[in-house]
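> The lines below spell out each chain.
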Amino acid sequence: MNSRSYILRFLFFVAVQVLILNQIELGFGIQLMIYPLFLFLLPIEIKVVPLMFIAFFMGIIIDSFSNTYGLHASASVTFVFARNILLEIIQRKEKLDSLKEINVHNMGFVWQIKTFGLLLFVHYFWFFFFEMFKLNELFYVLQKTILSTAVSFIIGGLFQHLFIRPSNKSR
Amino acid sequence: MQKFLAFIRHFRVFLLFVLLQGISFYLYFSYISFPRSQYLTTAGKIQGEILKKRDKITQHFDLVYNNKNLQKENIRLKERLPQNYIQLERSKVKINDTLFRRQYTYIPAKVINSTYHKRNNYFTLDIGNNIGVKRGMGVVSPKGIIGIIHNSSDYFSVVKSCLTEKLNVAIMLEKTGEFGFLEWDGRNPRYGIMSGVSNDYKIKKGAKIITRGGDGIFPRGISVGKVIKTEVIEGKPLWKIIFKFSEDFRNVQNVYVIQNELLKEQKQLEETVNE
Numbered sequence: 001m002n003s004r005s006y007i008l009r010f011l012f013f014v015a016v017q018v019l020i021l022n023q024i025e026l027g028f029g030i031q032l033m034i035y036p037l038f039l040f041l042l043p044i045e046i047k048v049v050p051l052m053f054i055a056f057f058m059g060i061i062i063d064s065f066s067n068t069y070g071l072h073a074s075a076s077v078t079f080v081f082a083r084n085i086l087l088e089i090i091q092r093k094e095k096l097d098s099l100k101e102i103n104v105h106n107m108g109f110v111w112q113i114k115t116f117g118l119l120l121f122v123h124y125f126w127f128f129f130f131e132m133f134k135l136n137e138l139f140y141v142l143q144k145t146i147l148s149t150a151v152s153f154i155i156g157g158l159f160q161h162l163f164i165r166p167s168n169k170s171r
Numbered sequence: 001m002q003k004f005l006a007f008i009r010h011f012r013v014f015l016l017f018v019l020l021q022g023i024s025f026y027l028y029f030s031y032i033s034f035p036r037s038q039y040l041t042t043a044g045k046i047q048g049e050i051l052k053k054r055d056k057i058t059q060h061f062d063l064v065y066n067n068k069n070l071q072k073e074n075i076r077l078k079e080r081l082p083q084n085y086i087q088l089e090r091s092k093v094k095i096n097d098t099l100f101r102r103q104y105t106y107i108p109a110k111v112i113n114s115t116y117h118k119r120n121n122y123f124t125l126d127i128g129n130n131i132g133v134k135r136g137m138g139v140v141s142p143k144g145i146i147g148i149i150h151n152s153s154d155y156f157s158v159v160k161s162c163l164t165e166k167l168n169v170a171i172m173l174e175k176t177g178e179f180g181f182l183e184w185d186g187r188n189p190r191y192g193i194m195s196g197v198s199n200d201y202k203i204k205k206g207a208k209i210i211t212r213g214g215d216g217i218f219p220r221g222i223s224v225g226k227v228i229k230t231e232v233i234e235g236k237p238l239w240k241i242i243f244k245f246s247e248d249f250r251n252v253q254n255v256y257v258i259q260n261e262l263l264k265e266q267k268q269l270e271e272t273v274n275e
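Residue numbers (our numbering), protein chains in the order written: chain C, 1 to 171; chain U, 1 to 275.
Hints are not guaranteed to be accurate.
One side of the interface only, derived from the structure: several residues of chain U facing chain C at Cβ under 7 Å [to be verified]:
{"hint": "1", "residue": "V13"}
{"hint": "2", "residue": "L16"}
{"hint": "3", "residue": "L20"}
{"hint": "4", "residue": "Q21"}
{"hint": "5", "residue": "L27"}
{"hint": "6", "residue": "Y28"}
{"hint": "7", "residue": "Y31"}
{"hint": "8", "residue": "L40"}
{"hint": "9", "residue": "T41"}
{"hint": "10", "residue": "T42"}
{"hint": "11", "residue": "R54"}
{"hint": "12", "residue": "R119"}
{"hint": "13", "residue": "Y122"}
What the hints contain is simulated information worked out from the structure, not anything from laboratory work.
Ideal placement from N, C-alpha and C gives every residue a C-beta, glycine not left out.
Chain U extracted, bound-state conformation (with noise of 0.2 Å):
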């Protein structure tokens, strides 16, 4: 026993080094996957407070860019308006609306802290648990994908962008159909790779990509960006495809939070599946 606390008392410093050290390798590795409090993040009370105060600073920086984008987003909305379009069979016309149920709302949000330089890089938003935000919704903005929701208070949530190691979002090319998933290598906040994509298949360039639907999280035809070039993965029969996303995440103001009001029947229906 004297021994050992010698031994205690001799290695003190090394043996409190590795406690701490254990102590914040276990914080990142499960807070990465998941944050199970906010105290941690950008999502806690007094961060987010702090972060608003300097956001309203700071976001007149980059008002231009941000008012152009829902400008070109009301131009295409106002476009599709009735008042803009001529009846041609005034007689068929009819609404009914037993045939379209609405699935996806939308709660706009605004970004007050963004990191783009990181390996995975999140994005605050000024919206919380008090009207709804809750993890795993999606988040786009007017010109297109951004990311998840990873974690929320009462009235700031934690944003996994598009710019994190894997995002699992179902995305596929707009015109063929072939579907992969969006990655990113921490590189070019600018360029994302598109894994899991057959490599007999060709790949245009210029391509459109968009997401893919159906994991209740983003709805179908979201823009996530266009194909660069293709790229061979060694000893996979894989293409790691190179594209441009659509939206700039530098300079990103604007976003709005996807709800997907169908997701509860859609989870219940796939669970009996599994069993």
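If we strip away everything but chain C, and leave its shape as in the complex, we get (with noise of 0.2 Å):
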């Protein structure tokens, strides 16, 4: 993939982002946000720097459409800050340089779960705690934050199955 399809599919996740999944309500005070699966699937080849300036500039993009003044962007931030924590304790065990993107064909669903869903929840914790702001609200935080992260995490594996072609090297 080259930079002008990335600049695509970053309009493409900001877009589904702001005009649909904002809208939809489903209880329990879930949010759904597909936009860090954007950062997830960006290659790894992409420096630490450069990234937390393009999390945190989708991130101000979001807050503008949804009236957060700032979350999304410091939530994306440190999506992309564990991230890179992440894949450097991976790298030390197995050796990741094959790949160019980690995406769900190329990794399995458990290896999915363990980095994408480990992230997505970090994300959201950091995301409802400094809505919240409150200690005493910490339960509620929590229950927003694990089923938010379960949903999410199902849509972020649906859009990789429909949308993303398995690269031609892994099988």
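Now that you have both chains on their own, put them together as the hints suggest.
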């Protein structure tokens, strides 16, 4: 994939998030977010510093459409930061060099939960915690976090199966 | 100096992380109380236009609910028309315009974007400074209170709705007159909280709650909700009154922005007291 198709993908994810997912209400405090998947799917070669700027920029755009004034930006910078740490830990054990992109096709389901699921949890927890900003609401924050993570993880998986072709190298 | 540079190089990722977090939190915590520009809110020109386009498609889903409400309001207003009344004493009826002066005017507006599942929820309206919408004006719907204008640009404005942590609107019980403040706990968009009522009052279930007026934002008597139950707050002699909002914020489309023509006079008068 070249950089132009990544820009198109960026616009697509922002549009889906802003125009569709922001309007869907499932109850129990669940909020659907698809844009962390874009940050997750960015190629491994990109260094963490430009990655953080991309995440901040994306978050600010989504903030400006949902009146959260910087919460999405903060959460997505955290997401990228945690992703970097996670990738370093994985790379110490195994070699990821052969992979360009980490998606569900070349990782498998279990690894998807261990990486994307975990990062999504961190993202949501950060977002909801600072949105509430009260320690005695921690249980409610956790409930929202876990439910939202589960639903968004499923949607993220569907997205990858629908819109991303498995690369020829892996199989 | 060399050591300092080496330190920065070593921790540059973490330092950038802290810097970006600092910027975002600074934006968040300053904008939540006072948004200084419209570019980061849905009152911005680009955001407003895009959301307006989307609303043109999605508005049809809530039309039935909103039309019913408008119809009900029309019936209520039509019943007040003079042609529906029989004049009892002809000679005494006299219209004197100098007795009443209009204080509140209503500007109709359309909600083009709204949320209700966040901790703080905002509505975006399709009118702005160009027809006199300003920060701090009240917003109501045919069924009851909606919120207060938080920020406005030339053609759009953002409403801080009742579904935020603290709206600071004075509300009261219609029959008995105890007053308190409107709050929301962030759980269910149908239920709000009235705080600040002393717990030696007896609160009846089903009692109507209305705006108190006097703050210059809302006139007295706009419907807010009906009492569901009261809870005791531990360690405080106050009730936590849980009530059901009279408006369902999930599918409201037509609202009115309230303009108080005597607000300036009231504010000037109140300022002299403080000094």
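> Evaluate each hint against the coordinates.
Here's how the hints hold up against the structure:
1. V13: holds, 5 Å
2. L16: holds, 6 Å
3. L20: Holds. Min distance 5 Å.
4. Q21: Q21 of chain U check passes; min Cβ-Cβ to chain C is 6 Å, inside 7 Å.
5. L27: holds, 4 Å
6. Y28: holds, 4 Å
7. Y31: Status holds, d = 4 Å.
8. L40: holds, 5 Å
9. T41: holds, 6 Å
10. T42: holds, 6 Å
11. R54: holds, 5 Å
12. R119: holds, 5 Å
13. Y122: holds, 4 Å
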